[in-house]
Amino acid sequence: MTSSAKDLEGPAHLLETVHVPEHVATFKSGRAVFVSTEPEEVVHIAAADGRIELSIRFDKDGPVLAFEAASMRLAAKRIAVECDQLETNVRGDMRENVRGRRIATSLGPTLIAGRDVDITAEGGELRASSQDDLHINGKNVLINC
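Numbering-wise, this note's numbering comes out as the position in the sequence shown, counting from 1, plus 117.
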């Protein structure tokens with residue numbers, strides 16, 4: 118079955134709503150900057166292969182930043198993140214290094230789960246306390262082994 122130009126035509130009103138972003142600049146790497154104001158205000162930076170690497174969309178709640186990168190590095194004296202919900206998904210290992218005190222506080226229940234979980238106090242004390250019962254459950258509970 119073959120398609121004719123007539124078969125590929127859509128309703129005429131669709132042609133009026135299509136907006137091609139304006140090409141603003143091309144970098145030596147082949148990356149290109151595009152700006153669009155309709156149907157929404159957005160700035161895109163596309164890789165040489167056309168894949169969108171960085172997008173800044175402006176909506177009624179403010180700017181929305183989306184990017185895809187090989188790596189990301191932040192260096193600052195202070196970073197503050199405030200949001201309604203924070204979710205991280207790490208496909209490989211995750212490492213956290215803190216040179217000072219680390220304080221984690223939750224107003225709701227807290228769950229730490231893993232196949233094996235090790236808690237080690239290197240060169241100091243390890244304390245567990247509770248305002249209510251303290252449960253240690255396991256096939257065998259080994260102390261000083």
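Hints in this document: simulated from the structure, not taken from any laboratory. Backbone N, C-alpha and C fix where the C-beta goes; we use that ideal spot for every residue, glycine too. Mixed in with the good hints, there may be bad ones.
[Said to hold, decoys possible] Have a look at the derived ranges for each label pair, beta carbon to beta carbon:
| id | residue 1 | residue 2 | range |
| --- | --- | --- | --- |
| 1 | Ala245 | Gly179 | 40 to 48 Å |
| 2 | Pro180 | Gly240 | 42 to 50 Å |
| 3 | Lys177 | Asn257 | 56 to 64 Å |
| 4 | Ser246 | Val215 | 41 to 49 Å |
| 5 | Cys200 | Ser172 | 16 to 24 Å |
| 6 | Leu203 | Gly231 | 16 to 24 Å |
| 7 | Val150 | Leu243 | 52 to 60 Å |
| 8 | Lys177 | Leu251 | 46 to 54 Å |
| 9 | Val258 | Ala186 | 52 to 60 Å |
| 10 | Gly167 | Ser246 | 54 to 62 Å |
| 11 | Ala186 | Val234 | 39 to 47 Å |
| 12 | Lys177 | Gly217 | 38 to 46 Å |
| 13 | Ser246 | Ser188 | 34 to 42 Å |
[Unchecked claim] Listed next, the in silico DMTMM-like pairs over lysine to aspartate or glutamate satisfying Cα-Cα at most 20 Å (straight line):
| id | residue 1 | residue 2 |
| --- | --- | --- |
| 14 | Lys145 | Asp178 |
| 15 | Lys256 | Asp233 |
| 16 | Lys177 | Glu213 |
| 17 | Lys256 | Asp235 |
| 18 | Lys177 | Glu199 |
| 19 | Lys177 | Asp201 |
| 20 | Lys194 | Glu213 |
| 21 | Lys177 | Glu204 |
| 22 | Lys177 | Glu158 |
To see whether the hints hold, each was checked on the structure:
no.	hint	in the structure
1	Ala245 with Gly179: 40 to 48 Å	holds, 43 Å
2	Pro180 with Gly240: 42 to 50 Å	holds, 46 Å
3	Lys177 with Asn257: 56 to 64 Å	holds, 58 Å
4	Ser246 with Val215: 41 to 49 Å	violated, 22 Å
5	Cys200 with Ser172: 16 to 24 Å	holds, 19 Å
6	Leu203 with Gly231: 16 to 24 Å	holds, 19 Å
7	Val150 with Leu243: 52 to 60 Å	holds, 53 Å
8	Lys177 with Leu251: 46 to 54 Å	holds, 49 Å
9	Val258 with Ala186: 52 to 60 Å	violated, 46 Å
10	Gly167 with Ser246: 54 to 62 Å	holds, 57 Å
11	Ala186 with Val234: 39 to 47 Å	violated, 32 Å
12	Lys177 with Gly217: 38 to 46 Å	holds, 40 Å
13	Ser246 with Ser188: 34 to 42 Å	holds, 40 Å
14	Lys145 with Asp178	violated, 34 Å
15	Lys256 with Asp233	holds, 14 Å
16	Lys177 with Glu213	violated, 36 Å
17	Lys256 with Asp235	holds, 16 Å
18	Lys177 with Glu199	holds, 19 Å
19	Lys177 with Asp201	holds, 17 Å
20	Lys194 with Glu213	holds, 17 Å
21	Lys177 with Glu204	violated, 23 Å
22	Lys177 with Glu158	holds, 10 Å
Hint compliance for this structure: hints 4, 9, 11, 14, 16 and 21 are broken, all remaining hints hold.
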